[in-house]
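Colleague: What follows is the residue order along each chain.
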Amino acid sequence: MPHMTDERVRAGLNREEDLSLLHEVSMKTAGVSHLEMCIQCGTCGGSCPVAQDMDHTPRMLFAMLRAGMREEVLRSNTPWICVSCYHCVVRCPQEVHIADVMYTLKGMAIQAKLYSDSTAPHFSQTFVDMVETFGRSYELGLASRHYLKHFPLRLPSMMPMGFGMITKGRMSIMPKKIKHMDQLTTILEHAKTLELTS
Amino acid sequence: MNKYLFYPGCSMESSAKAYMESLNTILEPLDLTFEEIDDWNCCGATEYLGINLIPAYSLIARNLALAAKQKNNANGSGSTRTVVAPCSACYLNLAKADYYMQERPSLGAKVNEALQAGGLQYTPGALDVRHLIDILVYDVGVEKIRSKVVRPLTGLRVAPYMGCMLPRPDYKHRWSDHEHPTELDDLLRALGADVIDFPLTTECCGGHMTQIGPETAFELIRRLVADADDRGAQVMATVCPMCQMNIDAYQNEMNHFFGTDYHMPILFFTQLMGLAFGREPEELGIGVELVSSRNALAHIGVEVPVTQEPAAPKKKDEGLPMPRRWTKHEGKEVVK
Chain Z
1 MPHMTDERVR
11 AGLNREEDLS
21 LLHEVSMKTA
31 GVSHLEMCIQ
41 CGTCGGSCPV
51 AQDMDHTPRM
61 LFAMLRAGMR
71 EEVLRSNTPW
81 ICVSCYHCVV
91 RCPQEVHIAD
101 VMYTLKGMAI
111 QAKLYSDSTA
121 PHFSQTFVDM
131 VETFGRSYEL
141 GLASRHYLKH
151 FPLRLPSMMP
161 MGFGMITKGR
171 MSIMPKKIKH
181 MDQLTTILEH
191 AKTLELTS
Chain P
199 MNKYLFYPGC
209 SMESSAKAYM
219 ESLNTILEPL
229 DLTFEEIDDW
239 NCCGATEYLG
249 INLIPAYSLI
259 ARNLALAAKQ
269 KNNANGSGST
279 RTVVAPCSAC
289 YLNLAKADYY
299 MQERPSLGAK
309 VNEALQAGGL
319 QYTPGALDVR
329 HLIDILVYDV
339 GVEKIRSKVV
349 RPLTGLRVAP
359 YMGCMLPRPD
369 YKHRWSDHEH
379 PTELDDLLRA
389 LGADVIDFPL
399 TTECCGGHMT
409 QIGPETAFEL
419 IRRLVADADD
429 RGAQVMATVC
439 PMCQMNIDAY
449 QNEMNHFFGT
459 DYHMPILFFT
469 QLMGLAFGRE
479 PEELGIGVEL
489 VSSRNALAHI
499 GVEVPVTQEP
509 AAPKKKDEGL
519 PMPRRWTKHE
529 GKEVVK
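Chains as they are written, first to last, in the working numbering: chain Z, 1 to 198; chain P, 199 to 534.
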């Protein structure tokens, strides 16, 4: 990386690490992300069924990544609104793994503690806690912990649904646990020490 | 007898129990044997991937490693390299891990390093990950399915709902189209059902947004239910527990939110197969859906057992007899 000249600083490139943000996100994404190949055509945002609720369309977010706007990107609600429907992924002319990039950005936002609405990160974390405890998802535990914390006002309108799910035998009262939980724990603990760097 | 390794996924034991029960009834007539992967764990759904990458993929890959081990132990006759998942999210996660571990060898190496801590190992590409409907349409075949039909679903107007995570991103090019696949249409037609055109067939049901951003999810659910209703569907057919859960269990809350009054039941396609194969609703988990399929199935002479409250009495039509879809939304739909 060449030394920063005044011209470059005036152009807004005031930190060397800004230039590497796009690359960093690409490297942290599973598979070969093709993120660097984005041509800003906007097909992604145009294909998105939930773009109306996003702070930035995926195209805009990728331009911000290229511009090194780390904080703005990690504060954006876009990755959290993404429903992983893969419409943009199959339409992208550059085959950018857009949904997977969104997963990477969620992880980075959690680590940087930058996304202010905690509902979505908490839900993911609660789900993961259940899986790390039982090896299986546990819907009743997940739902009760999550709704009490984040949507107490939704509870009255949800009661009939929850009651129906339980009386119709569609929600187990007790969690199921896998046999070799110790094995899974060892795998996950070891996995947490690893990072994708190359 | 065709044998497959089977990854049920967590929902099949709880919210989508009806899917499992109905699936069990169609295996034998179609000469299928499913061998459950021993001690499988949750695939992490769409939650773990956004938290921590290597653990998320290791969680998924433990299932692949167990399946591959089971395949090798069963050496010889009847062994299989195909893993079947009935849930679209599980299917995608398993297929994705298998594919990305190949596409990005460094990911494969890290995941295997973690697996080895637990005495496991997985060679990406060793298994074929496929969805249940893929097996039914492409291995069993629509003709064989048609030959088992004893109670054709003639007169039942069904909206075929494929959902999003099944036909996309489609790493192994298994589907007829990414946005308008016809596999489910073909299968339902073979059952004798009146399959309607349903352009939103691969639109998203909202996924986990019902839990974290309900307004976003309700709009997605409304689009699907409203369109199926507009096109005269009596019931939707799904291939995914998450789609069933969102459309079924959250339809009431969605109606509250928009001031609408939709009653669009959604059944698993295996439940409709079971009916067509002559099974009774009780054996197929029909009746545990929260939006009752009672009125819909009455069209084919099937009586759904009442499990809780009886279906609301139908209001008498007022005025001239008009097609239902023309009068449905009057004064009911509130634009946000």
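Don't take each hint at face value.
In silico PhoX-like links for lysine-lysine, alpha-carbon gap of 25 Å or less [stated by the list, open to error]:
id, chain 1, residue 1, chain 2, residue 2
1, P, K370, P, K215
2, P, K342, P, K267
3, P, K201, P, K346
4, Z, K28, Z, K113
5, Z, K179, P, K215
6, P, K370, Z, K179
7, P, K269, Z, K179
8, P, K201, P, K215
9, P, K201, P, K370
10, P, K346, Z, K176
11, Z, K192, Z, K168
12, P, K346, P, K215
13, Z, K177, P, K269
14, P, K370, P, K269
15, P, K370, Z, K28
16, Z, K192, Z, K179
17, Z, K113, Z, K177
18, Z, K149, Z, K179
19, Z, K168, Z, K113
20, P, K215, Z, K168
21, P, K346, P, K267
22, Z, K176, P, K267
23, Z, K177, P, K215
24, Z, K149, Z, K28
25, Z, K177, P, K346
26, P, K346, P, K269
Hints in this document: simulated from the structure, not taken from any laboratory.
Colleague: Hint by hint, say whether it matches the structure.
Modeller: Status of the hints after comparison with the structure:
A C-alpha spacing of about 29 Å is found between P/K370 and P/K215, which places the hinted pair above 25 Å, so the restraint is violated. Among the hinted pairs, P/K342 with P/K267 is inconsistent with the structure: their alpha-carbon atoms are about 32 Å apart, more than 25 Å. Simply put, P/K201 and P/K346 have alpha-carbon atoms about 19 Å apart, close enough for the 25 Å limit, and the pair holds. For the hint linking Z/K28 to Z/K113, the alpha-carbon distance of about 18 Å falls within 25 Å, and the restraint holds.
Restraint check: the Cα-Cα separation between Z/K179 and P/K215 comes to about 21 Å, which is no more than 25 Å; the hinted pair holds. With a CA separation close to 32 Å, the supplied pair P/K370 and Z/K179 exceeds the 25 Å bound. About 20 Å separates the Cα atoms of P/K269 and Z/K179, which keeps this hinted pair within 25 Å; it holds. Between the alpha carbons of P/K201 and P/K215 the distance comes to roughly 22 Å, so the proposed pair stays at or under 25 Å and holds.
Only pairs whose Cα atoms come within 25 Å are accepted, and P/K201 paired with P/K370 is accepted, the gap being roughly 21 Å. About 36 Å separates the Cα atoms of P/K346 and Z/K176, which puts this hinted pair outside 25 Å; it is violated. Distance restraint check for Z/K192 and Z/K168: the Cα-Cα separation of roughly 39 Å exceeds the 25 Å cut-off, and the hinted pair is therefore not satisfied. Restraint check: the Cα-Cα separation between P/K346 and P/K215 comes to about 24 Å, which is no more than 25 Å; the hinted pair holds.
Simply put, Z/K177 and P/K269 have alpha-carbon atoms about 24 Å apart, close enough for the 25 Å limit, and the pair holds. As the CA atoms of P/K370 and P/K269 are separated by approximately 21 Å, the hinted pair is consistent with the 25 Å bound. This hinted pair checks out: P/K370 and Z/K28 have alpha carbons roughly 23 Å apart, not beyond 25 Å. About 22 Å separates the Cα atoms of Z/K192 and Z/K179, which keeps this hinted pair within 25 Å; it holds.
A threshold of 25 Å between alpha carbons decides the hint, and for Z/K113 with Z/K177 the separation of about 32 Å lies outside it, so the pair is violated. The straight-line distance between the Cα atoms of Z/K149 and Z/K179 is roughly 31 Å, outside the 25 Å bound, and the hint therefore fails. Of the pairs offered as hints, the one joining Z/K168 and Z/K113 is violated, with about 40 Å between alpha carbons and a cut-off of 25 Å exceeded. The straight-line distance between the Cα atoms of P/K215 and Z/K168 is roughly 10 Å, inside the 25 Å bound, and the hint therefore holds.
This hinted pair does not check out: P/K346 and P/K267 have alpha carbons roughly 35 Å apart, beyond 25 Å. For the hint pairing Z/K176 with P/K267, the CA-to-CA distance comes to about 23 Å; that is within 25 Å, so the pair holds. Between Z/K177 and P/K215 the CA atoms are separated by roughly 17 Å; this keeps the pair inside 25 Å, and the hint holds. At roughly 31 Å between alpha-carbon atoms, Z/K149 and Z/K28 are farther apart than 25 Å, so this suggested pair is violated.
For the hint pairing Z/K177 with P/K346, the CA-to-CA distance comes to about 38 Å; that exceeds 25 Å, so the pair is violated. Of the pairs offered as hints, the one joining P/K346 and P/K269 is violated, with about 30 Å between alpha carbons and a cut-off of 25 Å exceeded.
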